[in-house]
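**Student:** Each chain, written out:
Number of protein chains: 2
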Amino acid sequence: MATAVSPLAPSTYPDMPAIEGVAIATAEAGIKYRNRTDVLLMRFDEGTSVAGVFTTSKCPSAPVDHCRLALKAGTARALVVNSGNANAFTGKKGVATCEATAKAMAEALGCQPEEVFLASTGVIGEPLDAGKITQQIPALIAGVSGALWREAANAIMTTDTYPKVATRTVQLGDAQVTLNGIAKGAGMIAPDMATMLSFLATDAKIAPAALQALLAEAVAPSFNSVTVDSDTSTSDTLLLFATGKAGHAEVSEAADPRLQPFREALNAMLLDLARQVARDGEGARKEIQVTVSGAVSDASAKRIALSIANSPLVKTAVAGEDANWGRVVMAVGKAGEPAERDRLAIFFGDVRVAVGGERDPAYSEAEASAEMKKDEIAIRVELGLGTGRWTVYSCDLTKDYVAINGDYRS
Amino acid sequence: MATAVSPLAPSTYPDMPAIEGVAIATAEAGIKYRNRTDVLLMRFDEGTSVAGVFTTSKCPSAPVDHCRLALKAGTARALVVNSGNANAFTGKKGVATCEATAKAMAEALGCQPEEVFLASTGVIGEPLDAGKITQQIPALIAGVSGALWREAANAIMTTDTYPKVATRTVQLGDAQVTLNGIAKGAGMIAPDMATMLSFLATDAKIAPAALQALLAEAVAPSFNSVTVDSDTSTSDTLLLFATGKAGHAEVSEAADPRLQPFREALNAMLLDLARQVARDGEGARKEIQVTVSGAVSDASAKRIALSIANSPLVKTAVAGEDANWGRVVMAVGKAGEPAERDRLAIFFGDVRVAVGGERDPAYSEAEASAEMKKDEIAIRVELGLGTGRWTVYSCDLTKDYVAINGDYRS
Numbered sequence: 001m002a003t004a005v006s007p008l009a010p011s012t013y014p015d016m017p018a019i020e021g022v023a024i025a026t027a028e029a030g031i032k033y034r035n036r037t038d039v040l041l042m043r044f045d046e047g048t049s050v051a052g053v054f055t056t057s058k059c060p061s062a063p064v065d066h067c068r069l070a071l072k073a074g075t076a077r078a079l080v081v082n083s084g085n086a087n088a089f090t091g092k093k094g095v096a097t098c099e100a101t102a103k104a105m106a107e108a109l110g111c112q113p114e115e116v117f118l119a120s121t122g123v124i125g126e127p128l129d130a131g132k133i134t135q136q137i138p139a140l141i142a143g144v145s146g147a148l149w150r151e152a153a154n155a156i157m158t159t160d161t162y163p164k165v166a167t168r169t170v171q172l173g174d175a176q177v178t179l180n181g182i183a184k185g186a187g188m189i190a191p192d193m194a195t196m197l198s199f200l201a202t203d204a205k206i207a208p209a210a211l212q213a214l215l216a217e218a219v220a221p222s223f224n225s226v227t228v229d230s231d232t233s234t235s236d237t238l239l240l241f242a243t244g245k246a247g248h249a250e251v252s253e254a255a256d257p258r259l260q261p262f263r264e265a266l267n268a269m270l271l272d273l274a275r276q277v278a279r280d281g282e283g284a285r286k287e288i289q290v291t292v293s294g295a296v297s298d299a300s301a302k303r304i305a306l307s308i309a310n311s312p313l314v315k316t317a318v319a320g321e322d323a324n325w326g327r328v329v330m331a332v333g334k335a336g337e338p339a340e341r342d343r344l345a346i347f348f349g350d351v352r353v354a355v356g357g358e359r360d361p362a363y364s365e366a367e368a369s370a371e372m373k374k375d376e377i378a379i380r381v382e383l384g385l386g387t388g389r390w391t392v393y394s395c396d397l398t399k400d401y402v403a404i405n406g407d408y409r410s
Numbered sequence: 001m002a003t004a005v006s007p008l009a010p011s012t013y014p015d016m017p018a019i020e021g022v023a024i025a026t027a028e029a030g031i032k033y034r035n036r037t038d039v040l041l042m043r044f045d046e047g048t049s050v051a052g053v054f055t056t057s058k059c060p061s062a063p064v065d066h067c068r069l070a071l072k073a074g075t076a077r078a079l080v081v082n083s084g085n086a087n088a089f090t091g092k093k094g095v096a097t098c099e100a101t102a103k104a105m106a107e108a109l110g111c112q113p114e115e116v117f118l119a120s121t122g123v124i125g126e127p128l129d130a131g132k133i134t135q136q137i138p139a140l141i142a143g144v145s146g147a148l149w150r151e152a153a154n155a156i157m158t159t160d161t162y163p164k165v166a167t168r169t170v171q172l173g174d175a176q177v178t179l180n181g182i183a184k185g186a187g188m189i190a191p192d193m194a195t196m197l198s199f200l201a202t203d204a205k206i207a208p209a210a211l212q213a214l215l216a217e218a219v220a221p222s223f224n225s226v227t228v229d230s231d232t233s234t235s236d237t238l239l240l241f242a243t244g245k246a247g248h249a250e251v252s253e254a255a256d257p258r259l260q261p262f263r264e265a266l267n268a269m270l271l272d273l274a275r276q277v278a279r280d281g282e283g284a285r286k287e288i289q290v291t292v293s294g295a296v297s298d299a300s301a302k303r304i305a306l307s308i309a310n311s312p313l314v315k316t317a318v319a320g321e322d323a324n325w326g327r328v329v330m331a332v333g334k335a336g337e338p339a340e341r342d343r344l345a346i347f348f349g350d351v352r353v354a355v356g357g358e359r360d361p362a363y364s365e366a367e368a369s370a371e372m373k374k375d376e377i378a379i380r381v382e383l384g385l386g387t388g389r390w391t392v393y394s395c396d397l398t399k400d401y402v403a404i405n406g407d408y409r410s
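These protein sequences, in sequence, are chains A and B.
Residue numbering for the first sequence follows UniProt numbering, starting at 1 and increasing by one per position.
Residue numbering for the second sequence follows UniProt numbering, starting at 1 and increasing by one per position.
Heads up, none of these hints are tricks.
Not the full set, but computed from the structure, chain B residues with beta-carbon under 8 Å of chain A:
1) Lys58
2) Asp231
3) Thr232
4) Thr316
5) Gly326
6) Ala339
7) Asp342
Keep in mind that the hints were calculated from the coordinates and are not lab data.
Note that this is a predicted model, so its numbers are computed, not measured.
Just so you know, even glycine gets a beta-carbon here, dropped at the ideal spot from N, CA and C.
Please put together the full structure from these sequences, using the hints given.
**Tutor:** What follows is the structure, encoded as structure tokens:
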């Protein structure tokens, strides 16, 4: 279907600088889509460390299984991604496809298959022919360039309506380091370790264990706080590659104070990419940010925020620009977390609509309605019980979501 | 909005016999709707016992709080229900409305306010004027009749497109007893004790404790296994009244073997009403029955079945008549319950679409597609791990759900 670009797409894209030690190529393998790229190669120089987090699905895709194993060594030489087919629930054929792809790329690059990371996104349950990917290997390797980050983001899209890219440059020790990232999302987005696919690379020199610690810390308030439709994918994969080319002394501990600017940049970039995913949720017309404060713990605040952000009734109310705070009350109530009806306060943006267990005496329908006309809807619930706080990022539920998903496979 | 009657509405309605000891009246109080009834009175003769189950929401409505308290005595003389306003999240005003309504009805009937049960359904957060209801009391009492069950079901509807009624007659001891029930549902339906509103009455003579045990047992596989949109209401209320007029000796224990036909009728009737609620889910065009078998426990099977039935991607696939079993795999995987990808088998109706961790080798797209054209879609997942089994009842997710809920309050 011809889906228009999300009204929440960025108005401009950043120029994506090259990262020393990273070379990129894309190709048209014709796996499912026609007249667009659907395979991505990132080639990394020797000495690249890697960290990753994956879906918590009990039915993960074959590439997720492959990456989990490959990650144990902590070094990477290549990333191969395809769109159009998730290689999930494909049995032994799916495992064989991963093995054949990793082996062919390893032979072409002169590395171990365990240094080749794989990710696939698209339809579940269809066998994926490794040959479609491996026959592109010579052209991919011949075509690599450091400057193709935007093209990389394009090649991994499925029902995304715009490519998701981000970049940051910060000081690390005595060197400037750059951090680039791409992501894809759209539907089946309720990450429980990472979103469907996101890949980051930096020229920083950070040991695998420290890199993993940084990534795990950054993913909680960003990708793990995004939900489009509460449906956690079989394929969620977030990988961070560090080529070590920046010229500073290696950092081996996540607690190293030199990492602070890098850590802040990583956290900000993951949140940036995660919000881009929310803003390009299937059919999305408005971004929703749900903040729950005053909960008994951060974990409790997160569960209540997710209950609100995943509620079809809250999401359709936002789509209808209806300041229907009664549905927020419902979603707080169903979360099963400590909450006291008569201590609740609810805000849309800066407009307090409910307080002390009933409608705010100063409630103005006009003010609330004006808030609902905005592109970004901030819903805040103050529970008045403790200091727990969390923010979750989501989007509205529109007829377009139903249209997109009522006829996706066929 | 002018919503057409659900295509899943019953083709005929049963004749609802009178229940001795129950008198019914409805009225047009103009609470929200115009030109339709919106208040229901059921008057019970002295000696009526009552059982009830309610929402587990942490933000229950004022009438739910009232009923929980009133239930302690276990006897009932009246039930007063209004539609159009849920009297939920209405603070002290909401409590006062309940007190005023119960008091006025108790005075009119010569009973205690604690013998008057209350329920409200409709918009959340708007104050409900008790006067609108109490001024109808004289007309209601003057107009009671035993034969108005269908009218009772009409008066409690909100976005329901058809009234939900059911009746059974069974032997109990040396008497025939009759069991009548009504329900309303539509949206905000993911009961965790009962659906939004359902009321049953019988002329059986059963002590309150035994009645409560029977009801609690019957609600688990019926109303507590229904989900329209995963949104648990603030107002779920299921009440069962027993007038004791049938002429048999009182039954005081739920384990009494004489109760077996009554128990079976109660279970069947709750399932009947619960399925009627699912089939009239907002925007529903197809009923979905999800059965999970081979789980490690019944509770685990239920959680996986709910994960499937609540998945927007599964529900939109059913709406699109797409045999997209990959989304079923996804929903199994995200449930967080024990499941082994390579032991899963998935059926649509009698068509096995996946087995042993991949697409069924004998998979026929034509057979699967034919299955998806039906009104009732049976999805079955066999996990191959144990003997746990559960069935959940739901409906598809259509553009009409979004349309209905994008502009409900205003």
